[in-house]
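Asks: Here is how the chains run, residue by residue.
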Amino acid sequence: MSGSVKHYIAWRCAQELQSGVVNLGIGIPTLVADYLPKGLVTLHSENGILGVGPEPDPNEFVVDPESIELVNASGVQPITALPHASYFDSSLSFTIMRGGHLDATVIGALQVSETGDLASWAVPGKDVLGVGGAMDLVIGAKRVIAAMSHLSPKGEPKILPECTYPLTAKNRVDTIVTEYAVFKFREGRMYLVEMVDEISLEQLKEMTPASYEVAEDLKVVKRESIGDPVLV
Amino acid sequence: MSATLDQIQTGVQFLSADEAVKKIPKAASIMVGGFGFPGMPRHLSRALVEQTDIDELTLIMNSLGSVSTLNALFEQNRIKKVIGSFFSTNKDLVKAYREGKVEIELLPQGTLTEAIRLGGAGIPAFFTPTAAGTDLAKGKETRVINGREHVLEHSLTADVAIIRAHKADKAGNLVYRKTAQNFNPAMATAAKLTIVEVDEIVEIGELNPDEIMTPFIFVDIVVKREEV
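Taken in sequence, the protein lines are chains Z and L. Counting in this note's numbering, the first sequence runs from -6 upward without gaps. Counting in this note's numbering, the second sequence runs from 80 upward without gaps.
There could be a bad hint or two in this list.
Unchecked claim - Derived SDA-like pairs (lysine to any residue); straight-line CA-CA distance at most 25 Å:
hint, chain 1, residue 1, chain 2, residue 2
1, Z, LYS163, L, ALA204
2, L, LYS160, L, LYS170
3, Z, LYS163, L, ARG222
4, L, LYS170, Z, LEU122
5, L, LYS246, Z, LEU75
6, Z, LYS212, Z, MET200
7, L, LYS219, Z, TYR158
8, L, LYS217, L, PHE205
9, L, LYS217, Z, PRO154
10, L, LYS271, L, GLU135
11, L, LYS303, Z, PRO58
12, L, LYS246, Z, SER38
13, L, LYS170, Z, GLY20
14, L, LYS180, Z, LEU122
15, L, LYS105, L, VAL173
16, Z, LYS135, L, GLY226
To be verified - Per label pair, the in silico range of CB-to-CB distance:
hint, chain 1, residue 1, chain 2, residue 2, range
17, L, LYS160, Z, ASP190, 54 to 62 Å
18, Z, HIS77, L, THR221, 37 to 45 Å
19, L, ILE87, Z, ASN52, 46 to 54 Å
20, L, GLU154, Z, GLU199, 47 to 55 Å
Since the hints were made in silico from the structure, they are not lab data. Treat the numbers as computed from the prediction; the structure is a model and nothing was measured. Note that CB positions come from ideal geometry on N, CA and C, so glycine has one too.
With the rest of the complex left out, here is chain L (with noise of 0.2 Å):
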């Protein structure tokens, strides 16, 4: 089957950060992508916060730094529960959790970003040697494979993805740049509905197709960052 570039059509939609964040329903949950500065969806983060009806949430993501545009959600109420790896130095997460307000699970950061993947690929479950025989083990199934103890976590897939890259073509498929990948691409594949956040779009074709790092089959929604 043959097609022309002015027949070509993903689906993928084009719209602007507020229109996008209209999708995501009440009581979801979200991953948001970004490992501290590079990779975090700020532009959509902003417009999260913005659309105050949407509360009840859970927020998957590595961590959240004292300043993320993300922390007016604890203020407003609206998390139910973070599931991620470092919170330490929030000092308005911290403050919930004590107050009540927000339930944390922690994992380790490579059996959060294996359970994101896992979760993408369809695999419900899998057993890794990290955190065997500490704190973060307890309470869960642990089993000895090849003479090392191992323990069972489950996979993570969300209501939502709002993730970042640098590029994305017409098609909806996306690159990124330098460490600001960290979280996305996994994340991408694990939500039902993914919307990232670009610096550019581009014309079909202009992305080399060995480059491509997200193809368009794991994105919804792609939005042009403005300028801040």
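Isolated chain Z, as found in the complex (with noise of 0.2 Å):
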């Protein structure tokens, strides 16, 4: 996947979050920082703070024993802290992860039901010896969206009648968001509630699976060139 799909879907995660405290999952949701609205939407990261901050500019960064105990959820990539921010314990953290606190979180996906299933962690056939907070997130946001390309790698449908990897977490998914469409849930019926007009109904149906309905106000929008175009 090219670095402007991953920025558009990127990019079109953001526009879902207008407002709120949202915790951003690693790969292409990461990105998604880079085009919230500063100061309306706050940042929580699990390993305990509230108001993560951009990365620090590499040519200022000091490494000392004091600016390497700020990190971001991969327990070593240096960030910076917003003037509201606070520090917790991981009891805290995840009190805000699975009691409901967050607002929404954007996980990126392997695989989504659709009854809105979630798998993000594992690989059939392969030793699965790491889950870290993904459990615990999914099942407390208030909002789960998935970013994902609608396709793996090997060009195999991802939005499937059901997850054939192991799951993350039963029914939470609330919005897709892919690099053709976004999809939302709705009292568990799931509803295609926009395309990129590069593409027709039957293509998107065929890369698609799963069953859903086609949302009466549909919108077909153009896919907005966004981020740097070179590959990442």
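With the hints in hand, could you dock these two chains into one complex?
Replies: Below, the structure written as structure tokens:
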């Protein structure tokens, strides 16, 4: 997937987030931060900060015992803290997540089912030795936005009648954003609410084995050219 | 009851890292603080690696990166089991697991932190919606509460916690800095023996009581971190 496609998906996710407190997962979701309205959305990171700022300027960043104690959920990437930031321990951080206090999370997805099941942490046949905070995040956030390429790198569909990969959580996805379309779950049904004008409804259906309805107010949009077109 | 500064003795010991890790029994369960780099007790980890007669260990920790000092424990075959949430990127651990040398129990990160918090709080088990309907709930009791499926998880305690804080006072009260709190405050409460490494030790009274994050009652041994 090219850098510009990733940036488009990230930009489109950000259009869903105009206020509140949000946790961004790794991968495409990390890019969402660049497109959020400044000051209106506050970012939470599960390693213990509310009020994540941008990465420090590498030309000014000095590695010292204090600066290396401020990182994002990768555990190693230095960040900055905004003026209203607070720090806390893992218990409080997961109280924020599991307790239903986050307005939204944007999370990468391997598969999403037509009932809103999410698979994002494991691939069958491989050792599964890491889950991190994804399950707690998805179970607790008021909105779960799955940011994903429409097809796998091998060209296989990822939006399916049922997930074939191990689940992260059942029935928790609220919105799916891909480079071609936006789907929303309303009262247990999946709706196509937006698609780009470069493909037809039939082409989209072919790439999307999940059963969904076309929303009455379907928007057909021109894909914005977002971000750096160079591959990332 | 009044007490002057020079009369106060909390029983917290101030030792070197080598002296401190000698208190860890063989076959101990050890909670290790840290989330990635911040809050990782690197100085105590190195002392533990060098104390080679302590083996058959169970480690309880969020994750173990590929460059952690503790990786030497796998090469030395001193780890029996690891409980935590993210080990995929650690080649030494993955290798030891595939060779059947190490058992891994995977928990969602929020379940891990709550299990430690409640272990320290004397509550033996809890229901959480996290992992319901997933492979990580297999074999676990479930119950529908308020219309939602929950998984019964058991709390965690340990023989020892090795943690890191920024400062301790001479009573053993602790403060942490930035994102280096993570699992450390909860682990301090959940172990029989809590050993903490700090950047700085200050006099009693220098820490503002309003800002103390771990009171000395949860601390047994303080080690001042040497420059490495």
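Asks: If a hint holds in the structure, say so; if it does not, say that too.
Replies: So, going through the hints one by one against the coordinates:
{"no.": "1", "hint": "Z/LYS163 / L/ALA204", "verdict": "23 Å, holds"}
{"no.": "2", "hint": "L/LYS160 / L/LYS170", "verdict": "16 Å, holds"}
{"no.": "3", "hint": "Z/LYS163 / L/ARG222", "verdict": "16 Å, holds"}
{"no.": "4", "hint": "L/LYS170 / Z/LEU122", "verdict": "11 Å, holds"}
{"no.": "5", "hint": "L/LYS246 / Z/LEU75", "verdict": "24 Å, holds"}
{"no.": "6", "hint": "Z/LYS212 / Z/MET200", "verdict": "19 Å, holds"}
{"no.": "7", "hint": "L/LYS219 / Z/TYR158", "verdict": "20 Å, holds"}
{"no.": "8", "hint": "L/LYS217 / L/PHE205", "verdict": "16 Å, holds"}
{"no.": "9", "hint": "L/LYS217 / Z/PRO154", "verdict": "23 Å, holds"}
{"no.": "10", "hint": "L/LYS271 / L/GLU135", "verdict": "18 Å, holds"}
{"no.": "11", "hint": "L/LYS303 / Z/PRO58", "verdict": "14 Å, holds"}
{"no.": "12", "hint": "L/LYS246 / Z/SER38", "verdict": "24 Å, holds"}
{"no.": "13", "hint": "L/LYS170 / Z/GLY20", "verdict": "21 Å, holds"}
{"no.": "14", "hint": "L/LYS180 / Z/LEU122", "verdict": "15 Å, holds"}
{"no.": "15", "hint": "L/LYS105 / L/VAL173", "verdict": "24 Å, holds"}
{"no.": "16", "hint": "Z/LYS135 / L/GLY226", "verdict": "17 Å, holds"}
{"no.": "17", "hint": "L/LYS160 / Z/ASP190: 54 to 62 Å", "verdict": "55 Å, holds"}
{"no.": "18", "hint": "Z/HIS77 / L/THR221: 37 to 45 Å", "verdict": "39 Å, holds"}
{"no.": "19", "hint": "L/ILE87 / Z/ASN52: 46 to 54 Å", "verdict": "48 Å, holds"}
{"no.": "20", "hint": "L/GLU154 / Z/GLU199: 47 to 55 Å", "verdict": "51 Å, holds"}
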